[in-house]
Amino acid sequence: MFKRTLACALFAITGHVYAADIQVTTLVDEDKDDTVCSLREAVFFLNNRAKKEYENGYHGCGNKDASSIILLQRDKEYSLNTSLELKVGMTITTATSGDFNDNKKGANNATLKMVGSDRIFFINDGSVEKELILVNLNELNLKGSATKLNDGGLIYNREALNIQYSRLTSGNATRGGGIYNAGILSDTEKTAGIVRIGNSILEGNKADKGAVIYSEMPRYLVFQSVIRDNQGTSAIDGAILFVQTGFRDETTGVALQSRFAGINNTTIFQNKGGYVANIREGMIVNNITMIKNAAGLYLQAPKWTSKTTTGETTTEEKFPSAFVSNSIIVDNGTTNCVTSSDDESVVQSTLTTSDCNLHAPAERPNFMWDKNNLKHKLIAGDSVEKDICDAPPADGLLCPFTTPKDQLVGFFKPRLLSSYSTLSDSLIVNKGRIYSDGSSIGLASCELIDQRGKNRSGYDELCDLGAIELVINRSEVPIAGQDILYGQIAKFNISESLLDGELLDSASCERILGKRSDGQTWQPGCLEVQQTLTPSKGKLTIDQFGNVVYTPNSNWHGADKFNLRIITTTTRFNDVSNYYITIPTTIVQDPPNNFESKTVNVSGGSLGLTSILMLLGLIGFRRFKA
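Residues -19 to -1, 1 to 607 in mature numbering (1 follows the signal peptide of the UniProt record, and there is no 0) are what the sequence shown lists, from first letter to last.
Hints should not be assumed to be uniformly reliable.
Dumping the calculated DSS-like pairs for lysine-lysine here, alpha-carbon to alpha-carbon at most 27 Å [what the hints assert, rightly or not]:
#1 129 x 288
#2 171 x 288
#3 284 x 299
#4 32 x 57
#5 57 x 13
#6 85 x 299
#7 386 x 367
#8 273 x 367
#9 358 x 273
#10 111 x 68
Keep in mind that the hints were calculated from the coordinates and are not lab data.
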């Protein structure tokens, strides 16, 4: 009851913001006639609101003016005993904070946990003839049952399912540990399920076939997401992302041009048991970082036949039906690519190994990774996942996997090594191709944004391989500094100001700029301190990881304002006039606050003033009664 009451109170305060939306006001999975709205009751109302008896709501949920949006409380867990059946279009989402400046999507998700022996969602309107209904699941954590199911450990879908800023975990099934996507287009069945998953984490799911997704056709798209630590099997159909049947010739070309089937801008690592994905006709894999998995890709996409009729003449021409481009696909078990006997997939503009060097045209070659070459060391440091990247001059093409503060999805950031003489020495940066002509060349074009949503800004029609684009946007440099009191030392970090780069090491600074005029050794980043509005009032040091220590010269009162000018591994390849990043910095020093309150304390002692007054009142009351 306490949880119920608390929920009602919270929504009473903020309810006016979502007046038309259906607010779930209990964490309990129930269906009974009261004024409290459960998630199950909310779904039932939307499924049946077209019926006259439910047009004004159902068991405390909705009314005739209600939208098709169901709101759940932030950071709360909803336990489910049985599956929720979604038969009409709707959106189930976590409520926003109400703070206009709060853009931390995915950080405060509501959780749906299956405590029974069932999946969480069954999405099907019951017809293969009607248009697909649209179901949106936004900012949710889905946790599966402890029981292994047949099809769809978390979700069974035969409609248009869109998932954003969510976590799909602990799904377990024979087929589709996370999602089973049903439906094969035919002359009789006009609709089949389609799944879009973006900005989400797919982790810790298991299945004999399709640990994350089992799709009867290649009607899924995973983008700007992380797929990690899922468990498949070593069979071909045991892939983490598995497709049963490819598109027919009649639909393959449309699928390729629309680019709605495949994986892009996604990080995939530490998946176990089998291939990451089998690639069928009509699929495009683009700008992914796929490393450290048990196995790579299984390619099984023969050429498709395009028919063109002019008058009474019909001509046929064969084209590749699947493309893998602009990606990092290395260190996945013993093989990064395995092909079926009839496969004609094109793998191009990708950092990979010889087993994936398949049908790449001369103008879009692959780049070969050599595991035994020390300069090709994959991860900087000794750990795949770590908050700190080994600093220059350490080798390592990628920083360890890390998740920035207040973000849902982490990544492996590419590095520009100190040993590179020119930008072209990199195996990753500016090795992808940007085209937009809509032709077969267009099928190899880089994604417009990266996993983080940053624009892929290249020149000479180039972009970076993998899920992350190194971006130098000086307008995004935040102000640095700290407030301190007399006798204190300021300590802060400027890593967020390095614009995807790392501080250049001292030796590289000397190699580029020469020796310092004062005879001192260069500090990391070739540090320069440029006073702006005040004379210098302290001394400053910086280490290779961007930790700054500022020591005041004395107990002065006020501010010391200056710019930190540093060179990073990304900016050193700019024109000499643009080597430095300028970081505005302010140190404010104040005297300690020694003010002591002079307010008279009337509540101390054995009896405070309030207690005395209460006693006097009781005495008076007893006399009155007497």
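**OP:** Compare the distance between the alpha carbons of residue 111 and residue 68 with 27 Å, and conclude whether the hinted pair is satisfied.
**Re:** The given pair, whose Cα atoms are some 12 Å apart, holds under the 27 Å limit.
**OP:** Would you mind confirming whether the straight-line C-alpha gap from residue 386 to residue 367 stays at or under 27 Å?
**Re:** This hinted pair holds, its Cα atoms lying about 13 Å apart.
Original post:
Hey, residue 273 versus residue 367, does the alpha-carbon distance stay inside 27 Å?
Top reply: Between residue 273 and residue 367 the Cα gap is close to 15 Å, so the pair holds against 27 Å.
**OP:** Take a quick look at whether residue 32 and residue 57 sit within 27 Å of each other, Cα to Cα.
**Re:** 32 Å, violated
**OP:** Please work out if residue 57 and residue 13 have their alpha carbons no farther apart than 27 Å.
**Re:** Cα-Cα ~21 Å, so holds.
**OP:** Starting from residue 284, check that the Cα of residue 299 is at most 27 Å away, please.
**Re:** The hint holds at about 6 Å.
Original post:
Quick one, are residue 358 and residue 273 close enough, alpha carbons at most 27 Å?
Top reply: 13 Å, holds
Subject >> Distance restraint between residue 85 and residue 299, which requires alpha-carbon spacing of 27 Å or less >> reply: 47 Å, violated
**OP:** Decide if the proposed pair is consistent with the structure: residue 129 and residue 288, CA atoms, cutoff 27 Å inclusive.
**Re:** 45 Å, violated
Original post:
Holds or violated: residue 171 with residue 288, Cα cutoff 27 Å?
Top reply: 23 Å, holds
Of the numbered hints given earlier, the model fails hints 1, 4 and 6; all others are met.
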